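Participant: Chain residues, written in single-letter form:
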Amino acid sequence: MVFSPLLSLLLIADTAGGPPLSLEELAAGADQACEEALAVRDGPRAPMLFRKAAKRYENLRRRGLDSALLERNLGNAWFLAGDVPRAILAYRRGLGLGSHDQALRDGLEYARAHVRYVDASSFGRPPKDGWLPAWTRTNATVLGTLAFSLYALAWALLARAWITQKWLLLAAMALAWAGVAGAAGILLAQVGHRQKDTALPPVIVAQDGVLLRKGNGLAYPPAHPIPLWRGVEARRRFVRADWVQLELAGGEVGWVPRQALVMDEP
Amino acid sequence: MSERNHSLSPRLLPVAALGLLALVTRDAPAEPPVGWRPKDFTGAEGVGFRLAARATPTELRAEDSLTLTVRITAVGPYRRPPRRLELSGLAGFRQFEIAVPSSESPDRYLAADHAWEFDYRLRPRGPQANRIPGFTMSFYNPDVPFEEGRWQTTEAGPVPLRVLPRPPLTPDQAEGSFSETALPSSLYRFAHGPSLLRSDRPVEMPHGAFLILAVGVPPAAALAWVAASRSWIFTRRRRKLSPAARKALMAIQGADRSGDAGAAAAALASYLQDVIGIVPAELTPGEAISRLAQADHPLQCGAELAAFLRTWDALRFAPDGWTTGTELPATAERIILCLEANRWFSPLS
Chain A
1 MVFSPLLSLL LIADTAGGPP LSLEELAAGA DQACEEALAV RDGPRAPMLF RKAAKRYENL
61 RRRGLDSALL ERNLGNAWFL AGDVPRAILA YRRGLGLGSH DQALRDGLEY ARAHVRYVDA
121 SSFGRPPKDG WLPAWTRTNA TVLGTLAFSL YALAWALLAR AWITQKWLLL AAMALAWAGV
181 AGAAGILLAQ VGHRQKDTAL PPVIVAQDGV LLRKGNGLAY PPAHPIPLWR GVEARRRFVR
241 ADWVQLELAG GEVGWVPRQA LVMDEP
Chain B
1 MSERNHSLSP RLLPVAALGL LALVTRDAPA EPPVGWRPKD FTGAEGVGFR LAARATPTEL
61 RAEDSLTLTV RITAVGPYRR PPRRLELSGL AGFRQFEIAV PSSESPDRYL AADHAWEFDY
121 RLRPRGPQAN RIPGFTMSFY NPDVPFEEGR WQTTEAGPVP LRVLPRPPLT PDQAEGSFSE
181 TALPSSLYRF AHGPSLLRSD RPVEMPHGAF LILAVGVPPA AALAWVAASR SWIFTRRRRK
241 LSPAARKALM AIQGADRSGD AGAAAAALAS YLQDVIGIVP AELTPGEAIS RLAQADHPLQ
301 CGAELAAFLR TWDALRFAPD GWTTGTELPA TAERIILCLE ANRWFSPLS
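Chains as they are written, first to last, in the numbering used here: chain A, 1 to 266; chain B, 1 to 349.
Hints were generated in silico from the structure; no laboratory data involved.
There could be a bad hint or two in this list.
[As the list claims (entries may be wrong)] Here are the computed distance ranges between Cβ atoms for each label pair:
hint, chain 1, residue 1, chain 2, residue 2, range
1, A, Val253, B, Arg131, 37 to 45 Å
2, B, Gly193, A, Leu168, 50 to 58 Å
3, B, Val144, A, Tyr117, 49 to 57 Å
4, A, Leu175, B, His207, 25 to 33 Å
5, A, Ala178, B, Leu213, 22 to 30 Å
6, A, Pro20, B, Arg108, 28 to 36 Å
7, B, Ser65, A, Tyr117, 17 to 25 Å
8, A, Arg125, B, Val217, 42 to 50 Å
9, B, Ala307, A, Ala178, 51 to 59 Å
10, A, Ala113, B, Val144, 53 to 61 Å
All values derive from a computational prediction rather than experimental measurement.
For each residue, glycine too, the CB sits at the ideal point set by N, CA and C.
Chain A with its partners taken away, still in its complex shape (with noise of 0.2 Å):
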């Protein structure tokens, strides 16, 4: 790619308020910052830059785009950039939206294994998502698309064997609705998990030492002696001013700082 000094005057004219620019020299002007810190990245200044690719892209989020590819590139980039925490949130928005992509969940895997914990206990660990097997982690569209035509066919078995009063395609019948079962399964769970996210979305502590507190206050005591570090996950509850509770994947409710934490904007 070449590197483009006219467009990197455009966003600075853009962040500087000049008129706004399309979505597509956005685009381009975070693919030239990451190909920047692509070209450097074994070197000292690789965190800066995939730090400015990283913001680069937000600005695309910032106007309306949103994908799980996009996701990714955020993920990517902040990590690289040294900033877990914001990784750790752009790979969870990510999978919200297409949870079948594997490089997210490696992504997300990788970025969780730098985040410290204090004990050995589950205080703060991050929720176990894992319940379903890989090879379920589909689009969503082929697995209703699948849902459909297993539930046509069930029906068309059925109808057949009424016809023919043939034993064996009610078998064949049963099976069908199994399938049925499976695929509509998994895209209710996908469902509430995604309802999941839009109600109690998640966030991200980005400070290590972090306490969780009984009201949105200092002069509140500790809800539990162990802090919190960079890194790990909670979902909001509320936000009150400057303080937010937070539930933890274990359910333990506290307050915390909004300044202590990396969430999206109510």
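Put chain B on the given structure of chain A with help from the hints.
Facilitator: For chain B alone, kept in the frame of chain A given last:
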């Protein structure tokens, strides 16, 4: 004799008014207004406070921690002590990562000096964070007569730092299992171009009307298929008769034209024997009905056959023979068509 003027000079009136005001307000100290307070107000109320800051250490590497101690000293009587000052919102501190403090209360109270000390843990983000900037604290002095003068400020000067860059780590210095060589290649894979410009829709429950269609159409189609196949089978039945039926019907039609009821009866008997396996002459009407029912033929066919047999018995033993019974050919034809129509539904066929 001159009169003594006991009235006050006009020039002394403001002073007198001030004095009166002081007398009136002296025993009722003013409260800081709730509606507007400076952002750096920490709750301190008193005659005067002095702010100072020191850092330990002042020479460190980027991202190492230092402790900033903020000392607030009361220089006179005070009514309320200060609380912890919020530094994270101040512009000059953006170059530092400030750990969330554990409490708003002071970390130390030095009674001899009437001073409170608050500790903050800071981490400079880079070598460019070469000083802790100065900052101010506002306090409320209720003894000032005028409201505007009660809000007062004290300031702490900047604290210079020497922040050295961190040397790059070599893989053998890295702790734990993480090493740069272990970074998965997928981390360096970025999507480019138009693929970034699309938006994915999250998984959602489909619209109600779409769901109703998706759930309702296949069973409706199956039902329609069953209904259509039944009528098609009936049509096929009417069009495709067995050879025995076609032969018998031709004989019956010929018998009908010639008025020979006996020939029609014989044709029917032959059909029944060949196709159904029953000999009508050997059966009573009741036995004929039950034999056809056993073979899963509709009751209607059995009833028609029973009626035919009764007529047949009456005619063959009648004195004038087969000269009457002109309805026999039509009955025989109906029986054959009824049995042929049911032949496609029989599980034995």
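Participant: Against this structure, judge whether each hint is valid.
Facilitator: Results for each hint:
A C-beta distance of roughly 40 Å is found between valine 253(A) and arginine 131(B), which places it inside the suggested range of 37 to 45 Å. Restraint check, glycine 193(B) to leucine 168(A): a C-beta distance of roughly 52 Å satisfies the suggested window 50 to 58 Å. Checked against the hint of 49 to 57 Å, the pair valine 144(B) and tyrosine 117(A) passes, with Cβ atoms roughly 54 Å apart. For the hinted restraint 25 to 33 Å between leucine 175(A) and histidine 207(B), the CB-CB distance of approximately 29 Å keeps it satisfied.
Between alanine 178(A) and leucine 213(B) the Cβ separation comes to about 23 Å, which falls inside the hinted range of 22 to 30 Å. Between proline 20(A) and arginine 108(B) the C-beta distance comes to about 53 Å, which lies outside the given range of 28 to 36 Å. Taken as a hint, the range 17 to 25 Å holds for the pair serine 65(B) and tyrosine 117(A), whose Cβ atoms sit roughly 20 Å apart. At roughly 46 Å, the beta carbons of arginine 125(A) and valine 217(B) sit within the given window of 42 to 50 Å.
Evaluation of the 51 to 59 Å hint for alanine 307(B) and alanine 178(A) yields a pass: the beta carbon distance comes to about 53 Å. Checked against the hint of 53 to 61 Å, the pair alanine 113(A) and valine 144(B) passes, with Cβ atoms roughly 60 Å apart.
The structure fails to meet hint 6 from the earlier list, while all remaining hints are met.
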